[in-house]
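Colleague: Chains as they are written, first to last, in the working numbering: chain H, 1 to 117; chain E, 1 to 115.
Mixed in with the good hints, there may be bad ones.
As the list claims (entries may be wrong) - Computed cross-link-like contacts, SDA-like style, restricted to lysine to any residue with a CA-CA straight-line distance of at most 20 Å:
| no. | chain 1 | residue 1 | chain 2 | residue 2 |
| --- | --- | --- | --- | --- |
| 1 | E | 44 | H | 2 |
| 2 | H | 104 | E | 54 |
| 3 | E | 41 | H | 61 |
| 4 | H | 104 | E | 57 |
| 5 | E | 44 | H | 7 |
Claimed, not checked - Chain H side only, calculated, beta carbon under 8 Å to chain E, not exhaustive:
| no. | residue |
| --- | --- |
| 6 | 41 |
| 7 | 42 |
| 8 | 46 |
| 9 | 54 |
| 10 | 57 |
| 11 | 58 |
| 12 | 60 |
| 13 | 90 |
| 14 | 108 |
| 15 | 109 |
What the hints assert, rightly or not - If you want the ones that stay clear, here's a sample from chain E, every Cβ over 12 Å from chain H, calculated:
| no. | residue |
| --- | --- |
| 16 | 18 |
| 17 | 62 |
| 18 | 74 |
Think of the hints as simulated: they come from the structure by calculation, not from any bench.
Where a beta carbon is used, it is the ideal one built from N, C-alpha and C, also for glycine.
Each chain is listed here by its residues.
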Amino acid sequence: AQSVTQLGSHVSVSEGALVLLRCNYSSSVPPYLFWYVQYPNQGLQLLLKYTTGATLVKGINGFEAEFKKSETSFHLTKPSAHMSDAAEYFCAVSDPGRAGNNRKLIWGLGTSLAVNP
Amino acid sequence: EAGVTQFPSHSVIEKGQTVTLRCDPISGHDNLYWYRRVMGKEIKFLLHFVKESKQDESGMPNNRFLAERTGGTYSTLKVQPAELEDSGVYFCASSRRGRGIGELFFGEGSRLTVL
Numbered sequence: 001a002q003s004v005t006q007l008g009s010h011v012s013v014s015e016g017a018l019v020l021l022r023c024n025y026s027s028s029v030p031p032y033l034f035w036y037v038q039y040p041n042q043g044l045q046l047l048l049k050y051t052t053g054a055t056l057v058k059g060i061n062g063f064e065a066e067f068k069k070s071e072t073s074f075h076l077t078k079p080s081a082h083m084s085d086a087a088e089y090f091c092a093v094s095d096p097g098r099a100g101n102n103r104k105l106i107w108g109l110g111t112s113l114a115v116n117p
Numbered sequence: 001e002a003g004v005t006q007f008p009s010h011s012v013i014e015k016g017q018t019v020t021l022r023c024d025p026i027s028g029h030d031n032l033y034w035y036r037r038v039m040g041k042e043i044k045f046l047l048h049f050v051k052e053s054k055q056d057e058s059g060m061p062n063n064r065f066l067a068e069r070t071g072g073t074y075s076t077l078k079v080q081p082a083e084l085e086d087s088g089v090y091f092c093a094s095s096r097r098g099r100g101i102g103e104l105f106f107g108e109g110s111r112l113t114v115l
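Same shape as in the complex, but just chain H (with noise of 0.2 Å):
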């Protein structure tokens, strides 16, 4: 069965500084790996997604993440933080093999980042 992991449930950092959040998956296939992020109040928002293809995939507000295969990894990276970026992230994996209409994601437990001035 898939299963992610996301390292820490907390994560703090200043402002400008390096964005790190962690996420492992266990999976028999490599899936389709996802982040998510939940602003205060809002919906889970689609940050970036890998499916095929370049393993570093790049997505909204300067995030990155990069699919390692070896390491059954897909963290979350951001050169520089801004106290827009507090935020809970999510991420997340699909079955390839499903249907291609069927979007059952497994979610990890999620990290919330804190940015401080």
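Start from chain H and add chain E according to the hints.
Modeller: Relative to chain H, chain E alone:
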């Protein structure tokens, strides 16, 4: 274009009562999903509609939960009777059929508190 809307945003009920959550997907989105996040736990899939048909309801916890999507537009999720462990945030998401991979658009969620 209006996003996914959910109602109510917060509901507080007593154990044994009934609650109905509503989700209005983005217009034209055939796929509709329900997810739930219980405090301290990961977000979990409940079920998936394609138009009015249940495509996958493997995540529904038990028969106290009933989801419908009459006419293939909005969906309701009824919990009857509610138990303490049903407390959590219920998310609805929608997507176009065959469009993109993982491009789910989520509502803000309905927070259910069962006392």
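Colleague: Does each hint fit the structure? Answer for all of them.
Modeller: Against the structure, the hints come out as follows:
no. : hint            : in the structure
1   : 44/E with 2/H   : holds, 13 Å
2   : 104/H with 54/E : holds, 13 Å
3   : 41/E with 61/H  : violated, 27 Å
4   : 104/H with 57/E : holds, 10 Å
5   : 44/E with 7/H   : holds, 18 Å
6   : 41              : holds, 7 Å
7   : 42              : holds, 6 Å
8   : 46              : holds, 6 Å
9   : 54              : violated, 15 Å
10  : 57              : violated, 12 Å
11  : 58              : violated, 16 Å
12  : 60              : violated, 13 Å
13  : 90              : holds, 7 Å
14  : 108             : holds, 6 Å
15  : 109             : holds, 5 Å
16  : 18              : holds, 25 Å
17  : 62              : holds, 19 Å
18  : 74              : holds, 16 Å
When each numbered hint is compared with the structure, violations occur for hints 3, 9, 10, 11, 12.
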